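Once you've looked at the hints, dock chain B against the given chain A.
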Amino acid sequence: MPDTFNRPYGIVAEFTTAASVLHAAEKVRGAGFRKWDVFTPFPVHGLDHAMGLRNSKVGWFAFIGGVTGYTTGMLMIWFMNTLDYPIVIGGKPMFSPFSAFPPSYELTILFGAFGSLFGMLFLNRLPRLHHPLLKNKRFSLVTHDRFFVVIECADPKYSEAETRKLLADAGSRHIEVVED
Amino acid sequence: MSAGASSVKASPGGPVTIPQPPPELERIPLVANFHGLGWISNRVASLIEDPAPVWWWALFIPSVLCLGMLMFMLTYQISTGVGVWGNMHPVMWAWDIVNFVWWIGIGHAGTLISAILFLLRQRWRTAVNRAAEAMTIFAVMCAGIYPALHVGRAWYDWWLFPIPNSNSIWPQFRSPLMWDVFAVSTYFTVSVLFWYMGLIPDLAVMRDRARTKIRQFGYGLFALGWTGSNRHWSNYEKAYLILAGLSTPLVLSVHSIVSLDFSVSQLPGWHTTIFPPYFVAGAVFSGFGMVLTLLVPLRSIFKLQDIITMRHIDIMCKVTLATGSIVGYAYAMEFFIAWYSGNPNEQFHFLNRALGPYQWAWIMMVSCNVLVPQFFWFRALRQNLVVVFIISILVNVGMWFERFVIIVLSLHRDFIPSNWGYYHPTIVDICTYIGTFGLFFTCFLLFLRFLPMIAISEVKGVTPQSDPHHPMGGAKIKESIPDAD
Numbered sequence: 001m002p003d004t005f006n007r008p009y010g011i012v013a014e015f016t017t018a019a020s021v022l023h024a025a026e027k028v029r030g031a032g033f034r035k036w037d038v039f040t041p042f043p044v045h046g047l048d049h050a051m052g053l054r055n056s057k058v059g060w061f062a063f064i065g066g067v068t069g070y071t072t073g074m075l076m077i078w079f080m081n082t083l084d085y086p087i088v089i090g091g092k093p094m095f096s097p098f099s100a101f102p103p104s105y106e107l108t109i110l111f112g113a114f115g116s117l118f119g120m121l122f123l124n125r126l127p128r129l130h131h132p133l134l135k136n137k138r139f140s141l142v143t144h145d146r147f148f149v150v151i152e153c154a155d156p157k158y159s160e161a162e163t164r165k166l167l168a169d170a171g172s173r174h175i176e177v178v179e180d
Numbered sequence: 181m182s183a184g185a186s187s188v189k190a191s192p193g194g195p196v197t198i199p200q201p202p203p204e205l206e207r208i209p210l211v212a213n214f215h216g217l218g219w220i221s222n223r224v225a226s227l228i229e230d231p232a233p234v235w236w237w238a239l240f241i242p243s244v245l246c247l248g249m250l251m252f253m254l255t256y257q258i259s260t261g262v263g264v265w266g267n268m269h270p271v272m273w274a275w276d277i278v279n280f281v282w283w284i285g286i287g288h289a290g291t292l293i294s295a296i297l298f299l300l301r302q303r304w305r306t307a308v309n310r311a312a313e314a315m316t317i318f319a320v321m322c323a324g325i326y327p328a329l330h331v332g333r334a335w336y337d338w339w340l341f342p343i344p345n346s347n348s349i350w351p352q353f354r355s356p357l358m359w360d361v362f363a364v365s366t367y368f369t370v371s372v373l374f375w376y377m378g379l380i381p382d383l384a385v386m387r388d389r390a391r392t393k394i395r396q397f398g399y400g401l402f403a404l405g406w407t408g409s410n411r412h413w414s415n416y417e418k419a420y421l422i423l424a425g426l427s428t429p430l431v432l433s434v435h436s437i438v439s440l441d442f443s444v445s446q447l448p449g450w451h452t453t454i455f456p457p458y459f460v461a462g463a464v465f466s467g468f469g470m471v472l473t474l475l476v477p478l479r480s481i482f483k484l485q486d487i488i489t490m491r492h493i494d495i496m497c498k499v500t501l502a503t504g505s506i507v508g509y510a511y512a513m514e515f516f517i518a519w520y521s522g523n524p525n526e527q528f529h530f531l532n533r534a535l536g537p538y539q540w541a542w543i544m545m546v547s548c549n550v551l552v553p554q555f556f557w558f559r560a561l562r563q564n565l566v567v568v569f570i571i572s573i574l575v576n577v578g579m580w581f582e583r584f585v586i587i588v589l590s591l592h593r594d595f596i597p598s599n600w601g602y603y604h605p606t607i608v609d610i611c612t613y614i615g616t617f618g619l620f621f622t623c624f625l626l627f628l629r630f631l632p633m634i635a636i637s638e639v640k641g642v643t644p645q646s647d648p649h650h651p652m653g654g655a656k657i658k659e660s661i662p663d664a665d
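For the protein sequence lines, the chains are A and B, in the order given.
Taking this note's numbering, the leading residue of the first sequence gets 1, the next gets one more, and so forth.
Taking this note's numbering, the leading residue of the second sequence gets 181, the next gets one more, and so forth.
A couple of the hints might just be wrong.
Unchecked claim - As a list, the in silico DMTMM-like pairs of lysine to aspartate or glutamate whose alpha-carbon atoms are at most 20 angstroms apart:
| no. | chain 1 | residue 1 | chain 2 | residue 2 |
| --- | --- | --- | --- | --- |
| 1 | A | Lys35 | A | Asp145 |
| 2 | A | Lys57 | B | Asp647 |
| 3 | A | Lys135 | A | Glu176 |
| 4 | A | Lys57 | A | Glu162 |
| 5 | B | Lys393 | B | Glu229 |
| 6 | B | Lys498 | B | Glu514 |
| 7 | A | Lys27 | B | Glu417 |
| 8 | B | Lys656 | A | Glu26 |
| 9 | A | Lys157 | A | Asp145 |
| 10 | A | Lys35 | A | Glu162 |
| 11 | B | Lys656 | A | Asp169 |
| 12 | A | Lys165 | A | Glu26 |
What the hints assert, rightly or not - Pair ranges (Cβ atoms, derived):
| no. | chain 1 | residue 1 | chain 2 | residue 2 | range |
| --- | --- | --- | --- | --- | --- |
| 13 | A | His131 | B | Glu417 | 53 to 61 angstroms |
| 14 | B | Ile394 | A | Pro8 | 45 to 53 angstroms |
| 15 | B | Gln446 | A | Phe79 | 29 to 37 angstroms |
| 16 | A | Phe79 | B | Arg391 | 53 to 61 angstroms |
| 17 | B | Glu417 | A | Val67 | 54 to 62 angstroms |
| 18 | A | Asn6 | B | Pro477 | 27 to 35 angstroms |
| 19 | A | Gly52 | B | Pro477 | 42 to 50 angstroms |
| 20 | B | Pro270 | A | Ile87 | 25 to 33 angstroms |
| 21 | A | Pro8 | B | Phe397 | 23 to 31 angstroms |
| 22 | A | Glu176 | B | Gly216 | 18 to 26 angstroms |
| 23 | B | Gln446 | A | His49 | 53 to 61 angstroms |
| 24 | A | Arg173 | B | Pro429 | 42 to 50 angstroms |
| 25 | A | Lys57 | B | Arg395 | 30 to 38 angstroms |
| 26 | B | Ile481 | A | Leu53 | 35 to 43 angstroms |
Calculated from the structure, these hints are not laboratory results.
Since this is a predicted model, take the numbers as computed values, not measurements.
Backbone N, C-alpha and C define an ideal beta-carbon position, used for all residues, glycine too.
Just chain A, same shape as in the assembly:
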């Protein structure tokens, strides 16, 4: 596949401070790009706002997980102790929500936690062990102390010369095109 081998993935611009990458993100967003991202060693405060990201949807996964957990706990205990194998103990009711509550509460938390972790991974499309950026030597500094703005070639507004100029104007000293 020689024609796909050298297909460019996107343009990568390196920044050295949190403030400079924040301003660059504002500029890229203002220029109307869609397929772009900022890469940082830690979550930078205010960057979600600068990029125009909406509130994360992870909460819904956790909520659905929690509701599933609580319902599972209550229904399971009701089914087991009332329907499937009732055992009379001291004339107490077959099903009591009070004694069924603690296990259901724990299952709420358990399923909610699974919902939030796996919801986060699902929304981020992880695990993804091959990524064009991970092949780039310079980009590996993203987990060390550098900040990167990446604009994908798939973006309709992408043109190499203009995008490069935009990122250089935003203050990047090191810009390169990464292959897919």
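Same frame as chain A, but now just chain B:
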């Protein structure tokens, strides 16, 4: 920024001058000496990348030997029976449950640091949360051994879980022991999830630094392809917040449910409503004791003084003091309620605690848990690492005796004097307990060798360099003040 802006004198177009705040208002930075972002990665990762130091082997080999002893003891106990322990009528719960409650209590500080302090926006937690969470997981592993084996026939442990078996019978959910199964297994699972999620960005740090193929593959596999994308961070931070929000009621419920194992019964000394909050406070108290025991030497050996600063130690000592005092209040309140209840059995039990044949255990408990932490009122003692280390060990000695007092002393003299007895542990009890330290330290030392013991990306996030509105984060001073002109 408005408070900062009001104190700024700026002339249009001229240079901006910011008056220095008075020294008493200056906040001590969380990472000392204004180290850069890369320094944090280098410092923490070098602990893993450098060859294992001699002291590590000197601790690891005895730990593995202790772990071997634990395996031998458990095999002996399973193949012979619970009779190899000293549990004997009337004390049918003894060191097994004492050690179970003790270990699981130690775990609580990890979750408190990682979850509750996160919700309370205590940013100092970032320096200690990774190691404390690891401590939690390994402590819960040690704890889990005991209930699984004290049932006698360990091969029927799966009956504790609602799995269809050949007798078609289900677990009895009215029992707090069943609640405990759900609480402890959920606690372990959620702690692992929370810990692993915090590790993902740091595993990516290790992957990107890796020099060998094996490291690159291993760390890369578990980093799940993390790139540090801000779109990912956005979901990640929300998921982390939710996990913290879920772990907070979890950690409070786990030791509450452990305490219900006792307080739902009718026995004097166990049948009290104060147990759930009292157990949770005691758990946090002992957990902070263990965190200090582990981190005070480690910060010196690993030269992490700039990340785990004296301020961190100071705050943890204060938490120990606060929770120790809550425990002391609970001890006093138990005596008051025994007197105030007018119940002769209850009154006898508490007199027996303080004056009976187990007086030595009660004195150990009160002196280690109530009196010793009071030294932390003094700043000079909170700053003295030798004192902090010794007190942190005494805290856990005291908390072990607290569980001994609650369990063994309540059982050894109940309602009928003909039913009284005195408990003696056997050599198997003692060796099993020492063996659990082998399990704990083997796991913890392996953790120190293979995983970053400081949450690298979180610590980076609390430095001034990470703040885009701080001059050290690259902000120009004029830009950081909206109304400068």
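Evaluated hints:
{"no.": "1", "hint": "Lys35(A) - Asp145(A)", "in the structure": "violated (24 angstroms)"}
{"no.": "2", "hint": "Lys57(A) - Asp647(B)", "in the structure": "violated (25 angstroms)"}
{"no.": "3", "hint": "Lys135(A) - Glu176(A)", "in the structure": "holds (13 angstroms)"}
{"no.": "4", "hint": "Lys57(A) - Glu162(A)", "in the structure": "violated (34 angstroms)"}
{"no.": "5", "hint": "Lys393(B) - Glu229(B)", "in the structure": "holds (14 angstroms)"}
{"no.": "6", "hint": "Lys498(B) - Glu514(B)", "in the structure": "violated (24 angstroms)"}
{"no.": "7", "hint": "Lys27(A) - Glu417(B)", "in the structure": "violated (24 angstroms)"}
{"no.": "8", "hint": "Lys656(B) - Glu26(A)", "in the structure": "holds (16 angstroms)"}
{"no.": "9", "hint": "Lys157(A) - Asp145(A)", "in the structure": "violated (29 angstroms)"}
{"no.": "10", "hint": "Lys35(A) - Glu162(A)", "in the structure": "holds (16 angstroms)"}
{"no.": "11", "hint": "Lys656(B) - Asp169(A)", "in the structure": "holds (17 angstroms)"}
{"no.": "12", "hint": "Lys165(A) - Glu26(A)", "in the structure": "holds (15 angstroms)"}
{"no.": "13", "hint": "His131(A) - Glu417(B): 53 to 61 angstroms", "in the structure": "violated (21 angstroms)"}
{"no.": "14", "hint": "Ile394(B) - Pro8(A): 45 to 53 angstroms", "in the structure": "violated (32 angstroms)"}
{"no.": "15", "hint": "Gln446(B) - Phe79(A): 29 to 37 angstroms", "in the structure": "holds (30 angstroms)"}
{"no.": "16", "hint": "Phe79(A) - Arg391(B): 53 to 61 angstroms", "in the structure": "holds (56 angstroms)"}
{"no.": "17", "hint": "Glu417(B) - Val67(A): 54 to 62 angstroms", "in the structure": "violated (23 angstroms)"}
{"no.": "18", "hint": "Asn6(A) - Pro477(B): 27 to 35 angstroms", "in the structure": "violated (54 angstroms)"}
{"no.": "19", "hint": "Gly52(A) - Pro477(B): 42 to 50 angstroms", "in the structure": "holds (48 angstroms)"}
{"no.": "20", "hint": "Pro270(B) - Ile87(A): 25 to 33 angstroms", "in the structure": "holds (28 angstroms)"}
{"no.": "21", "hint": "Pro8(A) - Phe397(B): 23 to 31 angstroms", "in the structure": "holds (27 angstroms)"}
{"no.": "22", "hint": "Glu176(A) - Gly216(B): 18 to 26 angstroms", "in the structure": "holds (24 angstroms)"}
{"no.": "23", "hint": "Gln446(B) - His49(A): 53 to 61 angstroms", "in the structure": "holds (58 angstroms)"}
{"no.": "24", "hint": "Arg173(A) - Pro429(B): 42 to 50 angstroms", "in the structure": "holds (48 angstroms)"}
{"no.": "25", "hint": "Lys57(A) - Arg395(B): 30 to 38 angstroms", "in the structure": "holds (34 angstroms)"}
{"no.": "26", "hint": "Ile481(B) - Leu53(A): 35 to 43 angstroms", "in the structure": "holds (42 angstroms)"}
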